[in-house]
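Given chain Y's structure and the hints, the job is docking chains L, X and B onto it.
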Amino acid sequence: MARTSYPALRVASIALLIAIWAALVRFGVYRFGFIPSPWSVLVAAAAYVTDRDFFLDAASSIYRVLAAWGASAVIGIPLGLLIGWKRWFSELTFPIVELLRPIPPIAWIPAGILFFPQIELSVIFICFIGSFFPIVLNTIAGVKQIDQTYFRAASCLGANDGEIFRDVVVRGAMPSIMIGLAVGMGINWMALVAAEMIAGEHGLGYMIWESYSLARYPRIVVGMIVIGIIGAGMSAGIRFFGRKMVPWQRSLIAS
Amino acid sequence: MSSAGLSIRHVGKIYMSRQGWTQALDDCSLEVPGRGFSVVVGPSGCGKTTLLNIVAGFDDLTQGEVRLDGNRIAAPGASPRPGPDRVVVFQHGGLFPWMTVLDNVCYGPVIQKKMTAAHAREAARRMLASVGLSGIETTYPGDLSSSMRRRAEIIRALIGGPKVLLMDEPFRALDALTKSVLHEFLLRLYDREPYTIFFITHDLMEAIYLGDSVSVMTTRPGRIKQVLGVPLPRPRSHKMLGSGTFLKLKEQVTEAVHEEAVKAFMAGERELAR
Amino acid sequence: MSAGRVEFRGVTKRFGTKQVLADCTFEFTPARFTALIGPSACGKTTIIDLIAGYERPSSGAVLLDGKSVDGPGWDRLVVFQETALFPWKSTLHNVMFGPLNRHAARREAERQARAMLARLGLEGFETKYPHQLSGGMQRRAELARALVNSPLVMLLDEPFRGLDAMTRELMQEYLLRLFEEEPVTTVFITTEIEEAIFLADRILVVSNAPASLKRVIEVDLPRPRDLKMLSSRRFAEIHSKILDLMLEEVKKAFAEGAGDAAEVIESYGRAARSQSADASGEASRDGT
Amino acid sequence: MAKVADRVLNEAEASSPTPGPRTPPVPVSRLSLGLRAASYQLISIALFLLVWWAISTIPWAIRIPSPIEVVSAAARLDPQTFLDDMILSTWRVGLGFVIAAAVGIPLGIAIGYSPLVRDLIFPSVELFRPIPPIAWIPLAILFFPLVEGMIVFLTFYGAFFPIVYNTVAGVSGIRATYIRAGKSLGASEWTLFWQIVLPAALPVIFTGLHIAISVAWLMVVAGEMIANRGGVGAMTWQAYQTTQYPRIFVGMAVIGILGYLSSLVVRLVARIIVRWEQ
Chain Y
1 MARTSYPALR VASIALLIAI WAALVRFGVY RFGFIPSPWS VLVAAAAYVT
51 DRDFFLDAAS SIYRVLAAWG ASAVIGIPLG LLIGWKRWFS ELTFPIVELL
101 RPIPPIAWIP AGILFFPQIE LSVIFICFIG SFFPIVLNTI AGVKQIDQTY
151 FRAASCLGAN DGEIFRDVVV RGAMPSIMIG LAVGMGINWM ALVAAEMIAG
201 EHGLGYMIWE SYSLARYPRI VVGMIVIGII GAGMSAGIRF FGRKMVPWQR
251 SLIAS
Chain L
1 MSSAGLSIRH VGKIYMSRQG WTQALDDCSL EVPGRGFSVV VGPSGCGKTT
51 LLNIVAGFDD LTQGEVRLDG NRIAAPGASP RPGPDRVVVF QHGGLFPWMT
101 VLDNVCYGPV IQKKMTAAHA REAARRMLAS VGLSGIETTY PGDLSSSMRR
151 RAEIIRALIG GPKVLLMDEP FRALDALTKS VLHEFLLRLY DREPYTIFFI
201 THDLMEAIYL GDSVSVMTTR PGRIKQVLGV PLPRPRSHKM LGSGTFLKLK
251 EQVTEAVHEE AVKAFMAGER ELAR
Chain X
1 MSAGRVEFRG VTKRFGTKQV LADCTFEFTP ARFTALIGPS ACGKTTIIDL
51 IAGYERPSSG AVLLDGKSVD GPGWDRLVVF QETALFPWKS TLHNVMFGPL
101 NRHAARREAE RQARAMLARL GLEGFETKYP HQLSGGMQRR AELARALVNS
151 PLVMLLDEPF RGLDAMTREL MQEYLLRLFE EEPVTTVFIT TEIEEAIFLA
201 DRILVVSNAP ASLKRVIEVD LPRPRDLKML SSRRFAEIHS KILDLMLEEV
251 KKAFAEGAGD AAEVIESYGR AARSQSADAS GEASRDGT
Chain B
1 MAKVADRVLN EAEASSPTPG PRTPPVPVSR LSLGLRAASY QLISIALFLL
51 VWWAISTIPW AIRIPSPIEV VSAAARLDPQ TFLDDMILST WRVGLGFVIA
101 AAVGIPLGIA IGYSPLVRDL IFPSVELFRP IPPIAWIPLA ILFFPLVEGM
151 IVFLTFYGAF FPIVYNTVAG VSGIRATYIR AGKSLGASEW TLFWQIVLPA
201 ALPVIFTGLH IAISVAWLMV VAGEMIANRG GVGAMTWQAY QTTQYPRIFV
251 GMAVIGILGY LSSLVVRLVA RIIVRWEQ
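Chains as they are written, first to last, in my numbering: chain Y, 1 to 255; chain L, 1 to 274; chain X, 1 to 288; chain B, 1 to 278.
Incorrect hints may appear among the rest.
If you want a taste of the chain Y side facing chain L, the calculated C-beta under 8 Å gives, among others [claimed, not checked]:
{"id": "1", "residue": "Ile146"}
{"id": "2", "residue": "Thr149"}
{"id": "3", "residue": "Arg152"}
{"id": "4", "residue": "Cys156"}
{"id": "5", "residue": "Gly158"}
{"id": "6", "residue": "Gly162"}
{"id": "7", "residue": "Glu163"}
{"id": "8", "residue": "Phe165"}
{"id": "9", "residue": "Arg171"}
{"id": "10", "residue": "Gly172"}
{"id": "11", "residue": "Pro247"}
Under the rule of at most 25 Å between Cα atoms (straight-line distance), these lysine to aspartate or glutamate pairs were calculated in the DMTMM-like manner [what the hints assert, rightly or not]:
{"id": "12", "chain 1": "L", "residue 1": "Lys263", "chain 2": "X", "residue 2": "Asp65"}
{"id": "13", "chain 1": "Y", "residue 1": "Lys244", "chain 2": "Y", "residue 2": "Glu120"}
{"id": "14", "chain 1": "X", "residue 1": "Lys241", "chain 2": "L", "residue 2": "Glu251"}
{"id": "15", "chain 1": "X", "residue 1": "Lys228", "chain 2": "L", "residue 2": "Asp143"}
{"id": "16", "chain 1": "X", "residue 1": "Lys18", "chain 2": "L", "residue 2": "Asp143"}
{"id": "17", "chain 1": "L", "residue 1": "Lys250", "chain 2": "X", "residue 2": "Asp65"}
{"id": "18", "chain 1": "L", "residue 1": "Lys248", "chain 2": "X", "residue 2": "Asp244"}
{"id": "19", "chain 1": "Y", "residue 1": "Lys144", "chain 2": "L", "residue 2": "Asp60"}
{"id": "20", "chain 1": "B", "residue 1": "Lys183", "chain 2": "X", "residue 2": "Glu110"}
{"id": "21", "chain 1": "X", "residue 1": "Lys89", "chain 2": "X", "residue 2": "Glu108"}
{"id": "22", "chain 1": "L", "residue 1": "Lys263", "chain 2": "X", "residue 2": "Glu126"}
{"id": "23", "chain 1": "Y", "residue 1": "Lys86", "chain 2": "L", "residue 2": "Asp191"}
{"id": "24", "chain 1": "L", "residue 1": "Lys239", "chain 2": "X", "residue 2": "Glu110"}
{"id": "25", "chain 1": "X", "residue 1": "Lys67", "chain 2": "X", "residue 2": "Asp49"}
{"id": "26", "chain 1": "L", "residue 1": "Lys263", "chain 2": "X", "residue 2": "Glu27"}
{"id": "27", "chain 1": "L", "residue 1": "Lys114", "chain 2": "L", "residue 2": "Asp143"}
{"id": "28", "chain 1": "B", "residue 1": "Lys183", "chain 2": "X", "residue 2": "Asp244"}
{"id": "29", "chain 1": "L", "residue 1": "Lys248", "chain 2": "X", "residue 2": "Glu55"}
{"id": "30", "chain 1": "X", "residue 1": "Lys241", "chain 2": "X", "residue 2": "Asp220"}
{"id": "31", "chain 1": "X", "residue 1": "Lys228", "chain 2": "L", "residue 2": "Glu137"}
{"id": "32", "chain 1": "L", "residue 1": "Lys250", "chain 2": "X", "residue 2": "Glu194"}
{"id": "33", "chain 1": "B", "residue 1": "Lys183", "chain 2": "X", "residue 2": "Asp65"}
{"id": "34", "chain 1": "X", "residue 1": "Lys67", "chain 2": "X", "residue 2": "Glu27"}
{"id": "35", "chain 1": "X", "residue 1": "Lys89", "chain 2": "B", "residue 2": "Glu189"}
{"id": "36", "chain 1": "B", "residue 1": "Lys183", "chain 2": "X", "residue 2": "Glu194"}
{"id": "37", "chain 1": "X", "residue 1": "Lys128", "chain 2": "B", "residue 2": "Glu69"}
{"id": "38", "chain 1": "L", "residue 1": "Lys225", "chain 2": "X", "residue 2": "Asp226"}
{"id": "39", "chain 1": "X", "residue 1": "Lys214", "chain 2": "X", "residue 2": "Asp226"}
{"id": "40", "chain 1": "Y", "residue 1": "Lys144", "chain 2": "L", "residue 2": "Asp59"}
Derived from the structure by calculation, the hints contain no laboratory data. Don't be surprised by glycine CBs; every beta carbon is placed ideally from N, CA and C.
Same shape as in the complex, but just chain Y (with noise of 0.2 Å):
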C-alpha cells in the first residue's frame, strides 16, 4: 500500500474541523445552537486557566487518578504475575477475577459511594477498579507468553524459583505490563469524569458538570479540553516511562 502522504491537509482537517464547528453553532442548525461557539469557549477558556479554581480541580483529579493507578499497580501487578506464573493460584484466583470483570466501573459507583463514607475514597476507589482489571490482565498475558525457552534457559544455568521469578517473569512480562498501565491510565480517566460528576465534590469531572447546572456551557468545554491535554500528557509520561523500563524493546510501546 502507497505510504503517500499529505501534510498540508492534516492542518487542513483540523482547520476543517473547526470551521465547521462554529459554522453549524453560527447557524443553529438543528440543535447546534445550544451548543457554545469555537470563540466562546476560547473566551470561557481564557477566564478559566487563569482562574484558582482550576489549579484546584486540575489538582484534585490529577491526585485521585495517580492515587488509583499507583493502589492498582501496587496490588494489580503481583497479583497478575502470580496468576500467570503459578497454575494452582490462578486456578485458585483467576474465576474471581473474571467473575468481576464484565461489571464496568461506573457500575461501582453506587456501591463505592457506598463502602467508603468519604467522598474522596469513594472516588479513588471507582478509578482504582477501572484500572485494576486492565493492569491485572495484560500482566496475566504478559506472564503468559514468555517463551518457555527463558524458563528453561534459567533453570539450566542454576536459577532457584526466585530468581526465576526475578529474572524471567518480572522481566519477560515487562512489556505487557507497561501497556496494561497505559491502557489503565486511560480507563482510570473515564471513570474519574463518571465518578466526578456523579459524586465529587472538586475536580474536573465535577467541573464540568457544575458548569452545566449553572448553565456555563462553553465552560463545559474547556473542562473536555483541559481534561484531555492533562490524560493525553499522561499518557505521554507512562509510554515514556516503558520505554526506559524495556529498553530492549524499542518499538512495543509506540502506540
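Just chains L, X and B, lined up with the frame of chain Y:
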C-alpha cells in the same frame, strides 16, 4: 560404569494427555564419551528433542536411566532437575532479550554464586573477547545479528564449565552462510578445548561435519536405529566437505534417514487428513 | 516452447539513494531451471520483484518474450518466502482464485483446481484452511495455486525457507518432479548451495549489494535427478566452486565495512591458519 | 488405548535395567481432569462469597450487604419492571453499537485504504481521542431533546473509536504479499478489496467490535445513572437513592451478566465469520 561422559540407557518416554497415550521414545540407548562430540539426527517429531529435554531435566522419563560422569541424573520416578552441569543451547535462541549480552553471559556464574558479579563480568569480557565478540557487551540480543546471538549463547553455556553441552538444533532456520560461519566457530571452540557435546539436528551435512559420531533416530516412537562413526580428522575444515570419506558417509546417513523421513512425513499427512 | 524468455538489459534499481541492482544483463532461458544464489539481503528478491512487475527498473529494461514488463500478471507467478496462501480461503478456493479472476467458468475452474491439487498429493485437503495444513503442504498448495494458471514463468523466492531439512528435501523432490514433467521457465532464489545445485540447470551467483551477476555456473548433472546425486563427486566439485565464489563476495562486503561479514572472514581465516598456534595463543591469554 | 499402555508397561518391565522403584504412569481420564478444573473454580467462587460474607459481618469494615441479603433482594424484585429495564438497556447498547459499526467500519476502511482520506479525516479523529467519552454527557444532554437520543448517542460515541482504530489497523496492517499475490493472480480492484483486503482485516475489526461492546455498556450505565430514566443503570442508582442497598449489587450483577453475554455474542459471530482462524 563410572566412566566420564553422558550415558543414556534404555530410555523410554510416554506422554499422557486427555486424548490418551503417546509413546515418544522407546528403548533409546546412546553413549557420549567424555569430551566427545555426538550428533543425533532424525526426522522432525521423532523425539530427538524429547531425549534432549530428558537429559537436561526439563522432562521426566518413564523407563531407563541417564547417567552423567557415572552419576545417575534421571530415572523413572526420580524427577530430575535442570542444573548448570548440563547447559542447553536452544533451538530458537535462549538469550534473555531483556538482559545485555554481558549480563546474559554472567548470569550463570553469578546465580550459582561461583563468582562475584565483578569477577564474572571480568571473566565474561575475557571469554567474549577471546572469540572475537568484544564491543557488544552492552548490546541487547535483539540488536545483534543471528550469528552473533548464537555465538553469545554458546559462550553463556560454556562459561560455567558444564559437564555436557546440550545443543538443540541450535542452527535451525539460519541461512546457509551464517550456518557455516557458526560451524567454524563451534569447531574452533571444540578444537581449543573439547567439551562433551550432545548435538541434535536434522541437517545431515552439519551432523557429519561436526560430530565424532552420528546416531540416526527412527520416527516415532524414537529409537536409535544406527550409529555411524565419523573418521574425518580434526581440526576439520570445509575443504573436507568434498572428500571421499565425507561423501560416502553422507550417502549412508542420507539413506538411513530418508526412509524415516518419508515415514514421518506420511504419518504427518495422514494425521492432518483426519 | 520458446515462450517465457526473460531478459534483463542493463537493469539498475535504486530505492532512494540506495542502489540495489547494478547494471544487470542476463536472461532466463525458456523451460530451464535457473537458481539465483547470493548472500542474504543482497538484492535477489528485487530481481524477482522486477520480473513479477511489483517494481520497475530505475534504468534498463526487463523483457518477457521481447515485451517490456509492466505490472503484475498471471503469466509470471511468484511463490513467496513465507506462505502467501490467503488464510481466509480454503485450499480449493485459493487454487481457484486465479482461474476465476480470468473469468473461467466456476465448474471448469474447480475441475482444474482439483486436478492440480491431486497432482501435488493434496486430495482430501480441498476444504481445509491453510492453517490446518503442515508447512510442506502449504508450500505445495501454493505451488498448485501458481501452476494451475500455466504461467510462462515461475518465480520462487526462497520458497522452502523455514521448513526443516527433511521436509525441505521432500519438497525439493516434488518441485523437481513437477519441473521435469512440464518444464517452464523457473527462477529460484535460495541461499542454500546444495538446494541450488540439486534443482537447477544453471546457477547465477549474485554479488553482494548492489547485486550484479558474478558468475554463471552450468549444472551438468543429468535429469531426472535423484538424491543420490547429492553425494556424487561432480556435485561436490560444483559445491566447492560456488562456496569459494560466495566467500569471495562476503570478503568484498567486509572490505566495504559490513559488520556481519567480518565474522565470516574471521572464522574462515582462522580455520585456515594453524590451529595449534591459535589454540596456544588463546590459552596464554586465558591464563593471565 | 489401554492395550497399548499394557504392552508398553510390560516391555518396560522386561527391558528396564533400573533396579530402583518405578512408578507406572497413572492414567488420567478426561473426566477427572474436568472435575479437577471445575472443583478449583467452585472453591474459588466459594472463597469469594465467604470473604464477601465475612466483610459484611465486620462492623468496622466497609459497608456492604451480605450475599444472602443480595440474593433475597433479587428474589423480591418485580420481574416485569426488572425485565423491562434489562431490555431497555440492551436495546440502547445494541442500537448505539450497530450505528457505530455501520459508520466506523466503512470510515476505518477508507482511512486505512486511502492516504488522502487518512490525512483529511484522521487528525480530527485523533483530536477527540484523549477526551473520555463520559465527558460528553453534558453536551449530549444539551444537544438531544430526548433522553433516548442522548443515551444512544453516548453508547454510539463510546463504541465508535475502538471500531475505527481497529479497522484502520486491520486494513493498513495487511501483509503486502497478499496484495501482491492477488495482483499477480489477476485480481481486479474490486476483487482485491472484497476478497483480500476485507477478509484480511476482519480479525482485527472483530477485536475492535469486542472492545466496543464493553465500552458501550460502560457508557449506557453512565448515561442511565445521570438521566435516571429507565434501564439497569438507573435501577442501580435508584437503589442507592432509596437506600435499598442490596439492590445495588443485584443491579451490578445484572450489568455484568448482560455485558458478558453481549461480548459472548460478538465472539460467537466472530467465530462464525472469521472461521479460518484457529
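Here is how each hint holds up against the structure:
1. Ile146: With a minimum Cβ separation of about 10 Å from chain L (threshold 8 Å), the hint on Ile146 (chain Y) is violated.
2. Thr149: 5 Å, holds
3. Arg152: 5 Å, holds
4. Cys156: This hint holds: Cys156 (chain Y) lies near chain L, its Cβ roughly 4 Å from the closest one there, short of 8 Å.
5. Gly158: Gly158 (chain Y) check passes; min Cβ-Cβ to chain L is 4 Å, inside 8 Å.
6. Gly162: Hint on Gly162 (chain Y): violated, closest Cβ of chain L at ~10 Å, above 8 Å.
7. Glu163: 6 Å, holds
8. Phe165: 13 Å, violated
9. Arg171: Where the cut-off is 8 Å and the nearest Cβ of chain L is about 4 Å from Arg171 (chain Y), the hint holds.
10. Gly172: For Gly172 (chain Y), the interface hint holds, since the closest Cβ of chain L sits about 7 Å away, which is under 8 Å.
11. Pro247: Status holds, d = 7 Å.
12. L:Lys263 x X:Asp65: Given that 25 Å is the threshold and the Cα spacing comes to 44 Å, the pair is violated.
13. Y:Lys244 x Y:Glu120: Distance ~32 Å between Lys244 (chain Y) and Glu120 (chain Y) Cα, so the pair is violated.
14. X:Lys241 x L:Glu251: Holds - the C-alpha atoms of Glu251 (chain L) and Lys241 (chain X) are around 21 Å apart, at most 25 Å.
15. X:Lys228 x L:Asp143: This hinted pair is violated, its Cα atoms lying about 41 Å apart.
16. X:Lys18 x L:Asp143: At roughly 22 Å apart (the allowed maximum being 25 Å), Asp143 (chain L) and Lys18 (chain X) satisfy the hint.
17. L:Lys250 x X:Asp65: At roughly 42 Å apart (the allowed maximum being 25 Å), Asp65 (chain X) and Lys250 (chain L) break the hint.
18. L:Lys248 x X:Asp244: Answer holds: Lys248 (chain L) to Asp244 (chain X) is near 22 Å, not above 25 Å.
19. Y:Lys144 x L:Asp60: This hinted pair holds, its Cα atoms lying about 23 Å apart.
20. B:Lys183 x X:Glu110: 20 Å, holds
21. X:Lys89 x X:Glu108: 18 Å, holds
22. L:Lys263 x X:Glu126: 23 Å, holds
23. Y:Lys86 x L:Asp191: 44 Å, violated
24. L:Lys239 x X:Glu110: 52 Å, violated
25. X:Lys67 x X:Asp49: Roughly 17 Å separates the two Cα atoms, so the pair holds.
26. L:Lys263 x X:Glu27: 40 Å, violated
27. L:Lys114 x L:Asp143: 29 Å, violated
28. B:Lys183 x X:Asp244: Outside the cut-off at roughly 39 Å; violated.
29. L:Lys248 x X:Glu55: 46 Å, violated
30. X:Lys241 x X:Asp220: Holds. Lys241 (chain X) to Asp220 (chain X) sits at ~14 Å (cutoff 25 Å).
31. X:Lys228 x L:Glu137: Given that 25 Å is the threshold and the Cα spacing comes to 46 Å, the pair is violated.
32. L:Lys250 x X:Glu194: 13 Å, holds
33. B:Lys183 x X:Asp65: Holds, at roughly 21 Å.
34. X:Lys67 x X:Glu27: The hint holds at about 13 Å.
35. X:Lys89 x B:Glu189: Distance of about 18 Å is within 25 Å: holds.
36. B:Lys183 x X:Glu194: Roughly 32 Å between the alpha carbons, so the hint for Lys183 (chain B) and Glu194 (chain X) is violated.
37. X:Lys128 x B:Glu69: 54 Å, violated
38. L:Lys225 x X:Asp226: The given pair, whose Cα atoms are some 24 Å apart, holds under the 25 Å limit.
39. X:Lys214 x X:Asp226: Violated, at about 28 Å.
40. Y:Lys144 x L:Asp59: The given pair, whose Cα atoms are some 20 Å apart, holds under the 25 Å limit.
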